[in-house]
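Asks: Going line by line, the protein sequences match chains A and B.
The first sequence begins at 1 in the working numbering and counts up one residue at a time.
The second sequence begins at 318 in the working numbering and counts up one residue at a time.
Honestly, the hints are just simulated from the structure, not real lab data.
Possibly wrong hints are sitting among the right ones.
[What the hints assert, rightly or not] The following label-pair restraints were derived from C-beta to C-beta distances:
id : chain 1 : residue 1 : chain 2 : residue 2 : range
1  : A       : H228      : B       : P426      : 34 to 42 Å
2  : A       : W117      : B       : H545      : 50 to 58 Å
3  : B       : P426      : A       : I267      : 36 to 44 Å
4  : A       : D134      : B       : I342      : 46 to 54 Å
[As the list claims (entries may be wrong)] Chain B regions said to be covered by chain A (calculated; three or more residues, Cβ under 8 Å):
id : region
5  : 448-455
6  : 466-478
7  : 519-530
8  : 551-560
9  : 645-656
[What the hints assert, rightly or not] Partner residues are not named here, just some residues of chain A that face chain B (Cβ under 7 Å, in silico):
id : residue
10 : D94
11 : L105
12 : L109
13 : Q127
14 : G129
15 : F130
16 : Y288
17 : T291
We put the CB at the ideal spot given by N, CA and C, even for glycine.
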Amino acid sequence: MLHILEIIIPSAIFFAAPLIFTALGGVFSERSGVVNIGLEGLMVTGAFTGIVFNLTFADQFGEFTPWLAMLVAMVVASIFSLMHAVAAISLRADQVVSGVAINFLALGLSLFLVKMWYGKGQTDQVQVGFDKIDIPILSKIPILGPILFSNGYIPSYLAIVLAFVVWYVIYKTPFGLRLRAVGEHPMAADTMGINVAKMRYIAVMLSGALAGIGGSIYATIISRDFSHATISGQGFMALAAMIFGKWHPLGAMGAALFFGFAQSLSIVGQAIPFLKNVPTVYLLILPYALTILALTGFIGRADAPKALGTPYVKGKR
Amino acid sequence: MNENRLTNILVPVFAVILGIIAGAIVMLVSGYDPIAGYSALLYGAFGDRYYIGETIRQVTPYILAGLAVAFAFRTGLFNIGVEGQLIVGWLAAVWVGVSFELPKVIHLPLAIVAAALAGALWGFIPGFLKARFRVHEVIVTIMMNYIALYVSNAVIRSVLSDQGFKSEKIHPSASLRSEFLQSLTDYSTLHYGIIISLIAAVVMWFLLEKTTTGYELRAVGFNQHASHYAGMNVNRNIILAMVISGAFAGIAGAMEGLGTFENVSVKAGFTGVGFDGIAVALLGGNNAFGIILAAILFGALKVGALEMPSAADVPTELVDIVIALIIFFVASSYLIRLVLTRFKKEGK
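Okay, chain A solo, but in the shape it has when bound:
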């Protein structure tokens, strides 16, 4: 049994990390009142940028490459998310539609560039990845140590730490208060002197940055190359995690960990005696079915930010 947990839990954390980053990005955007269905596309941008940077500069930067690739992916994806911000905030576009456009554009543009630069539908495999580490001290704890703190990827641990940072930022700082105010009642926030458009731009760009990180670590750790199928639904899964987590950073992290757990079960489940007879399809649809159930209110009521999805037009009641 312990042995099984030692396989499943680390692989759950490993699958969850990209989802956690991206879902936290979604929390920023949606808390400010901007729907971000474009998370999927932003992850694609991050994955593409991360892989291309890694392949191009692996010789110069050696083992720092994946970290630099992650940063570059973060910057590129946050610039890319500006398109969604301009459409949704300044041009008052339907936010869902603009998000759909982002998804199309990210995939189209990145595959276009891959074909142009590599002359084929997918890139080569990256050679330099993230290192696995044992966390000092914590990994020495009996039972829990080997399961939770040994032989994990650094970005996975970063993701979990970041969830707490985001929680602090959103609930304990003036910035977070303003962010939530803009998402709940933009007119009241505006009256109090908060620049609604500016807050929303920052929030959308943060969501782009975090989704970019999520995409790049997914591609670097899990797929190791970039093709049309690299990011296939992880962005939507992160969106689901955010809603499942009731737009709360720690809730989103918990949901992402749970989805990671379901994913890892569907992959390593074949090796586990009592799961061997469960068809994989049930494990594959579990995260999605659970999200629907969660939304339906069986798992506590989830309320979206009040102003979610509505552009703020100054002076309009």
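With chain A's structure known, arrange chain B on it following the hints.
Replies: Structure of chain B alone, referenced to chain A:
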């Protein structure tokens, strides 16, 4: 009023022009020849009988997917789940197609009805959850897409084949293929589906514009509270809109299953037709006639793109960029409207 109508027509036209110009710029910046690229695209879409046949074949599911998205839109619902409804429709159509041997007059309609019912069921769930629990349909339909994908793959593996990757070919009595249409178009995969999708467009127009049900559906789309006070059953209309929308999407799947492919195979990812339907509906202004035009445009872009790599060395993905930008410009129509009204004022 008249001027407003003109703007409604001008916005999509401008969006398409802007999208195509942006595509040309992308080609220029990337060092390709935009004129060669677009000529190849045009030739690949309408260049000879074969290409025209392929384009019409691609337009067929696009019309239906567009109708599905638009029908829900008109009732104020955003059905992103057309993709999933299409997948279950495809599966149901092929399932009926391989399991029975019946005369064509019964078999073919039965397969199409099965597809419509499967799609309708997949649309019913988000509709019901929206009506009963106020759950946002966008999220539920996204989740339903994945459930459709994985469930249909599992059914294909374990029921329709022996752990294989595709079902058997459907019986000819359930097929939409036609030797006549194929010989007319130099043996393209053109099939009778186009007639069904055009009928569906008429049905949607009639249902929405000429019946009481359609009036109620549109009223709910305009203002739920007002419709409620007027004595309409808002919840019933929400469910109905999603069911009909899902049925259109299911039939779109039947077009692929009974016409284009004549089987169903395990999919690694989505077909994309359902998502393209969003673009079709948006560009077509959610109106049956507009959708046919938009479907022709996107169908031609998609099929024409296949000619671009060989003739002009341009990757096919250029077309995806153009389509994304067109959606983007339609979504940001505020900008185009702003420019148009500025322009008018200066003209006066």
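Asks: Now, for every hint given, state plainly whether the structure supports it.
Replies: Right, here's what the structure says about each hint:
no. : hint                        : verdict
1   : A:H228 x B:P426: 34 to 42 Å : 36 Å, holds
2   : A:W117 x B:H545: 50 to 58 Å : 56 Å, holds
3   : B:P426 x A:I267: 36 to 44 Å : 42 Å, holds
4   : A:D134 x B:I342: 46 to 54 Å : 51 Å, holds
5   : 448-455                     : holds (count 4)
6   : 466-478                     : holds (count 5)
7   : 519-530                     : violated (count 0)
8   : 551-560                     : violated (count 0)
9   : 645-656                     : holds (count 7)
10  : D94                         : 6 Å, holds
11  : L105                        : 4 Å, holds
12  : L109                        : 6 Å, holds
13  : Q127                        : 26 Å, violated
14  : G129                        : 24 Å, violated
15  : F130                        : 26 Å, violated
16  : Y288                        : 4 Å, holds
17  : T291                        : 5 Å, holds
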